[in-house]
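*Asks:* Going by our numbering, the first residue of the first sequence is number 867, and it counts up by one from there.
Hints listed in this document are in silico derivations from the structure and should not be mistaken for laboratory results.
Given the structure is predicted, the values throughout are model-derived calculations rather than measurements.
From the three backbone atoms N, C-alpha and C, an ideal C-beta is built for every residue, glycine too.
Honestly, I wouldn't trust all of these hints.
As the list claims (entries may be wrong) - FRET-style restraints, in silico, Cβ to Cβ:
hint, residue 1, residue 2, range
1, K1415, T1200, 43 to 49 Å
2, I897, N1267, 33 to 39 Å
3, M1416, G1030, 43 to 49 Å
4, E1308, R1372, 20 to 26 Å
5, G1086, E1134, 33 to 39 Å
Stated by the list, open to error - Listed next, the in silico BS3-like pairs over lysine-lysine satisfying Cα-Cα at most 25 Å (straight line):
hint, residue 1, residue 2
6, K1149, K1209
7, K939, K1209
8, K896, K1338
9, K872, K916
10, K1159, K1219
11, K913, K881
12, K1146, K1163
13, K1146, K1209
14, K1127, K1209
15, K918, K951
16, K1110, K981
17, K1338, K868
18, K1331, K951
19, K980, K1219
20, K868, K894
21, K868, K981
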Amino acid sequence: MKDYLKSRILLALEKSGMSAPVDILFEKPKIESYGDLSTNFALLAAKELKMKPRDVAQKVVETLEIDPSLVEKVDVAGPGFVNFKFSNKYFLSFIDDILEKGDSFGRSNLGAGKKTQVEFVSANPTGPLTVGHGRNAVFGDTIANVLQWTGHVVTREYYFNNAGRQMRVLGDSVRLRYKEILGEELQFPEDYYQGNYIRDIAQHLYDEQGDKLKNEPAEGGFKERAEQEIFEDIRKTLERLTIKFDIFYNENSLYETGKIKEVITALEAAGLTYDKEGAKWFKATAVGGDQDKVIVKSTGEPTYRLPDIAYHIEKFRRGFELVVDIFGSDHIATYPDVLLALKSLGHDTEKVKVLIHQFVTIFQNGEVVKMSTRKANFITLDELIDWVGADAVRFFFLMRNIGTHLNFDVDLAKKQSEENPVFYLQYAHARIASIIRFAESEGFSTGGLYAGGKKGFDSTLLKEKEEIDLAKALGGFPEVVEAAATTFEPHRIIGYLQGVAEEFHRFYHAHRVVIPERQLAESRLALCLAAKTVLANGFKILGISAPEKM
RNA sequence: GGGCACGUAGCUCAAUUGGAUAGAGCGUUGGCCUCCGGAGCCAAAGGUUGUGGGUUCAAAUCCCACCGUGCUCACCA
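Turn these sequences into a full structure, and let the hints steer you where they fit.
*Replies:* Put into structure tokens, the structure is as follows:
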């Protein structure tokens, strides 16, 4: 529709001897009575044309030729907006389109098969996932969904490191807890992992092997067992949220295949490194960075930057045309160095999209709970799912723009679990399902409304305001999905679906669907089916369930 | 102190990326079930968009200053 209007406007401009020095863009006016679509090109072009905005608009409208069965009214308003009001016929045509496309309605080829990687969660296996990881996980998975719906070929990837100091401490924490189970009195260091899950792992080892491990060294089986159990927990937690990864990428492989060395060599060859105080530095200041950074410590161990750079080079080498990295605001200072190094090695960093989400602040008993994996005072993602359910967890994390600091009041979430906003949407879906069941029990065949490309209903029988409004809302879905993809903001889909649910409930309260006038009933059933389809497709993207009954 | 992000109704957040009268949910107040699901609908109250300047036809949105909050400034990841 936008393309059509644009071409007509360009034609009209030409006919009246004006050129368009600006792009013609459309938007939906906030106020319904202004029309269905609006453009401000006259306001933008006025200066260039040395005319009043309203005159430009007026002239174009006068010479505009538009199919009257699609557009009912065109007028000039305010300082020079041109408003278009569409016909009911146009809105009702959405119903046919939705029923025809079914569960693929909303898909597009915006991404044109672009090979895309979404890297998210990427938590090292040192403890259970926390609420903070939850935001990352749910957001990342949904971004991946949105990109898939817009025609990207997506790989979901989890990057982790099971080597290094953190993991050594983890293993030793388990060892000490194991010793405690054997009855040994000891001082458990404050900077070790305090969580009860460490005790659980130690207990499992004891249950299986008794005291056979009492002389096992810190580096031995304790660490391996801890990693294995914790990873299994992480995987299970993610699965509860319907999150599945295609690849778990181990940082170690970058060392084993010599990729780390290659990066050092490449940076050296580019003259971007120097040695100082026994460490190797990346000369970031030479390529626009604010300060130089260490890439190899004086101990000979690389800092996190080096594997990160190598990992991203691997992403490029593997052929990803779009690389989406998702992490929390605590990593805000780390990625510029990495991008800088990639760029100076000749890689196209435009392909990398870094999405940073702000922290989740947990309130419990009216107090802020500071989260730390090492200290045991964190709320796990599993607990949160137990309290409010997987659908609500996903929905809550997706409702808000990732740029906001999210306040999550656990007590409130628990208490209000039945009045959660997610239910408003799911209720609309379940209600439609119920209507369809009822209609079938009254002898209607909803399956026959649209079968094999043949319509079994007449949408032009729908004339009520609530019917038109609902059809209008439903037609906006593909555009919203595309907007969510281009802006990387899935919360737009939630706002949209709420509007759809609202229009549906309004329609439902104003008009009965299953009525004696058979043809009208069938048309309304088709409208209901279309609404159900849009809701279900939206839920699919968000990763929440579409219940037939509640 | 530097960098990044944020500040919108009592609370949690939106606002089509610079558009026309700033919107939802929760909470508050008042209505609506002979009827396909009342987990719903309708209505009301609630705002100087942190403050002060600037840019233009138009600013919650862009620029500057200040106030406040979070994250971050490692040879930890």
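*Asks:* Take the hints in turn and mark each one as holding or not.
*Replies:* Hints versus structure:
1. K1415 - T1200: 43 to 49 Å: Because 47 Å falls inside the window, the suggested range holds.
2. I897 - N1267: 33 to 39 Å: For I897 and N1267 the Cβ distance comes to about 24 Å; the hint is violated.
3. M1416 - G1030: 43 to 49 Å: At roughly 47 Å between Cβ atoms, G1030 and M1416 fall inside 43 to 49 Å, so the hint holds.
4. E1308 - R1372: 20 to 26 Å: holds (23 Å)
5. G1086 - E1134: 33 to 39 Å: holds (37 Å)
6. K1149 - K1209: Holds, at about 13 Å.
7. K939 - K1209: Given pair K939, K1209 is violated - Cα atoms ~52 Å apart, limit 25 Å.
8. K896 - K1338: holds (14 Å)
9. K872 - K916: Given that 25 Å is the threshold and the Cα spacing comes to 22 Å, the pair holds.
10. K1159 - K1219: holds (22 Å)
11. K913 - K881: This hinted pair holds, its Cα atoms lying about 20 Å apart.
12. K1146 - K1163: Holds: K1146 and K1163 sit about 7 Å apart, inside 25 Å.
13. K1146 - K1209: holds (19 Å)
14. K1127 - K1209: Holds, at about 18 Å.
15. K918 - K951: Roughly 24 Å between the alpha carbons, so the hint for K918 and K951 holds.
16. K1110 - K981: Roughly 18 Å between the alpha carbons, so the hint for K1110 and K981 holds.
17. K1338 - K868: holds (15 Å)
18. K1331 - K951: holds (14 Å)
19. K980 - K1219: holds (14 Å)
20. K868 - K894: holds (11 Å)
21. K868 - K981: violated (28 Å)
Violated hints, in rising order: 2, 7 and 21; the structure is consistent with all others.
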